[in-house]
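A.B. asks: Below are the chains, spelled out letter by letter.
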Amino acid sequence: MLVSADRSPLDTGSSADGSDVVIDLRRASFGYGERPTVTDATLTVRRGEIVAVVGPNGSGKSTLMKGILGLNERTEGTLTLFGVPGDELRDRARLGYVPQRHTLSTSVRATAEEIVATGRLPRLGWLGRLRATDRQIVARSLDVVGLADRAATEVSTLSGGQQRRVLIARALAAQPDVLIMDEPTAGVDAANQHVLAEVLERLVERAVTMVIVTHELGALERLLTRIVVIDGGRIRFDGTPERYSAQRHIVHHDHDSHHHDDELHPQPSSVTLGPLVVRHDGRRP
Amino acid sequence: MTEMLSIDFMQRALIAALLVGTVAPMVGIFLVQRRLSLIGDGMGHVALAGVAIGLVAGVAPVWTALVAAVAAAVVIELLRTRGRTNGDVALAVIFYGGIAAGVVIISKSPDGTPANLMKYLFGSILTTTSSDLYLFAGLAVLIAATTWALRPRLFAVANDEEYARAVGIPVLPLNIVLAVLTATTVVVAMRVVGLLLISALMIVPNAASQLIARSFSGALRWAIAFGLVSSVGGVALSYPLNTPSGGTIVLLAVGLFIITAVFATLRTHVARRRHDVAEVHPHEHGVECGHEAIPHGDHIDYVHDGHLHAAHESHYDEHGHDTALHDHQGADAASTTNATNATTGTTR
Chain C
1 MLVSADRSPL
11 DTGSSADGSD
21 VVIDLRRASF
31 GYGERPTVTD
41 ATLTVRRGEI
51 VAVVGPNGSG
61 KSTLMKGILG
71 LNERTEGTLT
81 LFGVPGDELR
91 DRARLGYVPQ
101 RHTLSTSVRA
111 TAEEIVATGR
121 LPRLGWLGRL
131 RATDRQIVAR
141 SLDVVGLADR
151 AATEVSTLSG
161 GQQRRVLIAR
171 ALAAQPDVLI
181 MDEPTAGVDA
191 ANQHVLAEVL
201 ERLVERAVTM
211 VIVTHELGAL
221 ERLLTRIVVI
231 DGGRIRFDGT
241 PERYSAQRHI
251 VHHDHDSHHH
261 DDELHPQPSS
271 VTLGPLVVRH
281 DGRRP
Chain X
286 MTEMLSIDFM
296 QRALIAALLV
306 GTVAPMVGIF
316 LVQRRLSLIG
326 DGMGHVALAG
336 VAIGLVAGVA
346 PVWTALVAAV
356 AAAVVIELLR
366 TRGRTNGDVA
376 LAVIFYGGIA
386 AGVVIISKSP
396 DGTPANLMKY
406 LFGSILTTTS
416 SDLYLFAGLA
426 VLIAATTWAL
436 RPRLFAVAND
446 EEYARAVGIP
456 VLPLNIVLAV
466 LTATTVVVAM
476 RVVGLLLISA
486 LMIVPNAASQ
496 LIARSFSGAL
506 RWAIAFGLVS
516 SVGGVALSYP
526 LNTPSGGTIV
536 LLAVGLFIIT
546 AVFATLRTHV
556 ARRRHDVAEV
566 HPHEHGVECG
576 HEAIPHGDHI
586 DYVHDGHLHA
596 AHESHYDEHG
606 HDTALHDHQG
616 ADAASTTNAT
626 NATTGTTR
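Just so you know, the protein sequences line up as chains C and X, in that order. If you count by this note's numbering, then the first sequence holds residues 1 to 285, one letter each, in order. If you count by this note's numbering, then the second sequence holds residues 286 to 633, one letter each, in order.
The set of hints was computed from the structure by calculation and includes no laboratory data. None of these values were measured; they are calculated from a predicted model. A portion of the hints provided could be inaccurate.
[Claimed, not checked] Here are some of the chain C residues that sit facing chain X, going by a computed Cβ distance under 7 Å:
1) V21
2) T75
3) V84
4) P85
5) S107
6) A110
7) G125
8) L127
9) T157
Just so it is clear, CB atoms sit at the ideal spot from N, CA and C, and this is done for glycine as well.
The shape of chain X in the complex, shown without the other chains:
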């Protein structure tokens, strides 16, 4: 491990992984929310054309990739807004046009070997230069700051676009900003993850976090954690294993997703077993309902015909008889000490 940290290309690759592991899930959660999980993939395709132009023209390919991806992002968002039925087809034309142009143009460049192409498509720990790193760091800070500043509004637009429009939230500008953020993330990730696998790092950590989170902010934190573990872990593993870093990162992310899925399933089963629902309950407890309210750990129980009822999801849980309260101060909303009253939740 220490040996790995002393190699300068590994230092650069690990820093790049740290940057991309943080920002990719931050942007990705809004793509998942808008059901645009595959859009990052398409922008990666277009960025390849940018890389190719850079290689042929002798310009740093990261810059040309950035220009190509951002331009594609704006065009895509405008096409989507026009809402034409063939918008989907237009996207396909742009994406495949991009990757085809990339492959053809790259073959004409002096560095246009298949091995070189593979590095851009699937990522490599060897390719991050120190000037890349400064640009990546600048872009990553920009992405993180913009996403943080606009987070409530991006959430509102992705959650309910029609409502956002009705109350005067600027929907189109925000959607364009999100598309540009996606394009920029693609470029930050192109060295270590590769243009064909970038989208995975935006989406898979979010897919895993959705399985265990109970709120949007919680989901975002989990996604960043999963993203960091897979990107930094993937780069670190690809050195001793001698594998393409992008593929290693994404396999790690998929592995985390599977482990999380198993864990979430087990947790649901356990919770269901310890969970006592007040069966018939058309009445809503509240400040004015007249039932005595008793604070219980992190929530409030209502005394309903001698039973303690606590709000849980769409229903009320039985939290035992009110006499059981004092030996029952656990904060778990699903806990109960009295199984006999499960069927006796009554209406007022």
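In isolation and in its complexed conformation, chain C is listed as follows:
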């Protein structure tokens, strides 16, 4: 199995409320500088979940994701990753990040394999080189995303969708415990979106935990176990795809009418929490 389900018993053992919590946010605010762009976010992601974080452009979904990755400032609340406070997580490669890039850096030539191999580096220490087993993992990562026969191809000659899959393979090469993807389908043509959905389906079969940030569910919807709607920097909905379908109109009515913002935030009726989030044992990291 490419992405291990339980590779690190030491880290998971420290969590008091079960070892399957991957990401745990409590009333967290994130942003750049003084003004937070995401406020009061509470979210728990457990192993095996496929969570979509949906919202229009500028809603704060990318800020939330970067906050989880430690790429921006957390001004309030707590972030717990694999049972450890977010800032203290040493093994950051357990978070597999797939950034939103319309194109890969083309300032110098590099093959798909060379890019994917960089994903393996966090597992090798300061001076380690890729050994045979690491190269196998790199090759398998390319295979999972359907690019095995393009390993030696220069990345700038690949299509946008193919480059997106190179970035997924790069994240997979670190054998992460969760994949965090930023707009994997944005700017990808229909044919490649289909291939991309197939790739994600393959990852679902391998029980990879995924957090997918996207502004449209599209082809991904059938893969999801949970949908989180974010707008105006706040989480507006958190529940199963079935509940999302049922409440779609209410959810979208809410985030269309911005003058309701003040009423929305403390009201449990307008912020629909999923069953996994309500439970809270008061543990503070």
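Please build the complex by placing chain X on the supplied structure of chain C, with the hints as guidance.
C.D. replies: Below, chain X without anything else, positioned relative to chain C:
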């Protein structure tokens, strides 16, 4: 040629050229990757202030240049990291402050003649002393070893800094190491190439290698080859021509770049003509796709409605009908024996 090798200053200059021709492109490829092609130029400016201080104080100018350039490198990287909008302006202040201080201080030294200044700015084959050479050799080995050891990580950081940060690769320390490597290369190159032309030897061989390479490791090998040919060739030519070695080296490097560009353009035209693309192809071939896979030279063809499809860049190439396979064992991904099926690539 043999006469040239028997002159001791030429021996030293050629060895110095060998060292700098190897390490300058090795460091330069990461500067090109980070789009910092001109940073070496700025460090050369600052190194001139170091040279001047050394001349006035009576210390070996190579050492003072090394201290000045490395200090500037660390400050520059820290300024860049702070990400202030005026970071660019701060760099300009440091660079021009450096060269201005250099020119002014050098005028106060006993060796402060314009001719002497020219040697430091544009390189000379006469100036490498044997103690310089030991220092250059030590530094060059250090640069080469560090660059080799950190190459995968320097590549990862330059390729995608945000990703590197997210997965815990130490971005700032690696960027500082690269800046210090750049500063050290500047000093190794200051005798034969000159402080105003050093950056060219880091960048131009890489510019040429990018035109023909298909991978990062391939690009690095080509860049070192171009760097060695231009630096050693430039020093060798500057003796009979009686020209400044730095200028000769850089002109040679630019010449190689132009020849490579012409060659690469011609090759692209030829490849395009012999290249048959399966026109409509939204399907991705792979292990599970159900199309028969046939090994073909260095790659795999998939039998798709009687056509052989081979992955090439973002698309599939037509490699003829499957019956044509046996008289068609060439390894060239672009080759084809059947021009009639160019338009018939069909979807599943």
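A.B. asks: Quick check: which numbered hints come out false for this structure?
C.D. replies: Of the numbered hints given earlier, those the structure breaks are 1, 2, 3, 4 and 7, listed in rising order.
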